[in-house]
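Residues per chain, in single letters:
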Amino acid sequence: MHGFAMKKFLLPLMLAGLGFLAGCGKSSGPNGDSLPAGVKKISIALMPKSKGNAYFISCKAGADRAVQELGVELLFDGPTDPDPARQNEIVENWITMGVDVIAVACENREGISTALRRARNKGIKVVTYDADARPDARDFFVNQATPEGIGFTLMDEAARLCGGEGEFAIITASLTAANMIEWQKYIEARRAEKYPHMRMIALRPCDDLKDKAQSEATALLSANPDLKCIMAICSPAVPGAAEAVKQAGKAGKVQVLGLGLPSENRRYVHEGVTASVILWNTENLGYLTIYAAHALARGTLKPGDASLQAGTLGTLPIVGDNILLGKPVVFTRDNIDQFDF
Amino acid sequence: MNRPGIKTALLRHETVLLVVVVLEWFCFNAMGPSFGSLDNTFDLLRHSVGIGLLALAMTPVILTGGIDLSVGSLLGLCAVLFGKFWRDAGLPIPLAAAVTLVCGAAAGGLNAVLIARWRLPALIVTLGTFSLFRGLAEALTHGVDTFTNFPAAFLFLGQEHWLGMPAQAPIFLLIAAGVWLLVHRTTLGRSFRAIGYAPEGARYAGLPVSRRLALVYVLAGIIAAIAAIIYTARLGQAKADAGTGYELLAITAVVLGGTSIFGGSGTVHGTLLGTAAIAILNNGLVHARQPREVAGMLTGLLLILALAGASLPKVLAQRWPRRQNAPH
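Protein chains in written order, with the working numbering: chain A, 1 to 341; chain B, 1001 to 1328.
The following block holds chain A by itself, in its conformation from the complex (with noise of 0.2 Å):
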């Protein structure tokens, strides 16, 4: 076989690739090297679920204004490849890197737990935000939306686009899931509230599917001629509803808003189709995230706490060990292209 010739081309190749990376590491020296001298910045890991979806991207464009006001380091990695292993494997590099917080959404809530716990038994403070670990596993859940924030805006602004009367339906995920039960429990609260000329007439799943949110909105079309406002309260649902609508030629005369991705809607936002689409404001979860794991790791965050000082975001309010963004925002034809996720 070609045993000796081989060998003598594989080794300078070898090492040209290695002068490679070594290449790729000096451009990070200064960076690296300017830690221990004088004072030691604050250091913060921050991890999407994964790396590329454009949600995490607009989360870590609010991450970095935090930093730049807070003067702390900011370590930004995640998962690139599906491999569910993979977060864990980074926080445990982290946790040996002696970071002073690490502030995670988790892709794997028990999972990812046993890394978090590793990482506070050494110390490190840790902050999850958009998807919680285990209660044990972590300091602090900066949650995004409350199911009174989410439901309480859907009804608000379904009155709104209907004038404060008339009938309404709802298109859920499917009737058993635990997260959308309590939504419709507070959208109903506060129409009994505030709205009492406002009618729910119908209550439909669409199994998550965009197609099955189609069909169950043309037939609540046709079997409902004084529909006023059909509510999508999952994702698919909303461009879903917005299709059938457009299809049945009803835009203007029968509103969609639900609870979406701006991106998904944009479409049906610039038709007409769609009125409203409500989602929290992934920017300030971002830097909310960063406020609260830079308070921990001064020590001006403690639990119990009922409130926490977020620079633009001004005071924002604690339940428990959830640190609250707030109430939803409301994308609409005017301020959607300002959101590009």
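A portion of the hints provided could be inaccurate.
Example chain A residues on the side facing chain B (calculated, C-beta under 8 Å, incomplete) [as the list claims (entries may be wrong)]:
#, residue
1, LEU74
2, LEU75
3, ASP77
4, THR80
5, GLU89
6, ILE90
7, THR96
8, ASP100
9, ASN108
10, THR312
It should be emphasised that the hints constitute simulated quantities derived from the structure, not laboratory data.
Don't be surprised by glycine CBs; every beta carbon is placed ideally from N, CA and C.
Based on the hints, put chain B in the right spot on chain A.
What follows is chain B alone, placed relative to chain A:
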């Protein structure tokens, strides 16, 4: 070829790779102050066990000229089965683990029958079982059911220390030693290489080719099941997505380690070095504060360079045939 001199030994693929690994180590040690710490060395060991085990399972397979794309999916399936045996069937942990190993062997046996008995191409068969095993794992849990709250004595295996090293490391080293002995010190192991080098020749030489082929796939199944149990202990959870993408990383480690993808030549210690090269790259870049994308890039680059390095002389010899004969 039988008795390589000192010079050829120095230029052997594994030696070169060892140099690369050592250089990597010093490079990252200079770049990240926490990289060389004992804690991180333990992290490194812990993180390489999953991929490392699958790479060990993959080495005999590739030596015979085969491939097993299903090991990552089988890891996921075995993790879910282990969870089911323990939580739903109420078996004690050791028994659940034993039954899981039997299941792993059976799954490997399915590959073995299709490849060794029915003579179907390994690439196609294991591409099929790659989907089948993952699909089964998802079906058993509807994609969402997660097994958790394992007893602390079991989690010890994945998260604590034993004999002064991470508890899973001795198991890994034991299996590595076992596979090394099998491949390099037994006639069985030599037959793997013979089959990979020339399957028909091996058949004419009287080797029981089908049985030997079956053995490597069953062995791969068993090792994947062991990897699944260790993986579950490390994360404290068993879910259908366990080990996603691991088969490709394992193949990368094996090929980087100098095993020919066409079979016939390669070593187990090469595979271990390949695993180490990839693990150090992944871990070191975090400590050097480089983004994760770079790890994927550099792993790919390392592999392509290794392959190019191995085939460059051949290409050159074909293009300028006279040059080799020309007098200097």
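Now the hints, each set against the structure:
{"no.": "1", "hint": "LEU74", "in the structure": "11 Å, violated"}
{"no.": "2", "hint": "LEU75", "in the structure": "7 Å, holds"}
{"no.": "3", "hint": "ASP77", "in the structure": "5 Å, holds"}
{"no.": "4", "hint": "THR80", "in the structure": "5 Å, holds"}
{"no.": "5", "hint": "GLU89", "in the structure": "5 Å, holds"}
{"no.": "6", "hint": "ILE90", "in the structure": "6 Å, holds"}
{"no.": "7", "hint": "THR96", "in the structure": "5 Å, holds"}
{"no.": "8", "hint": "ASP100", "in the structure": "14 Å, violated"}
{"no.": "9", "hint": "ASN108", "in the structure": "6 Å, holds"}
{"no.": "10", "hint": "THR312", "in the structure": "28 Å, violated"}
In summary, the numbered hints that this structure violates are 1, 8 and 10.
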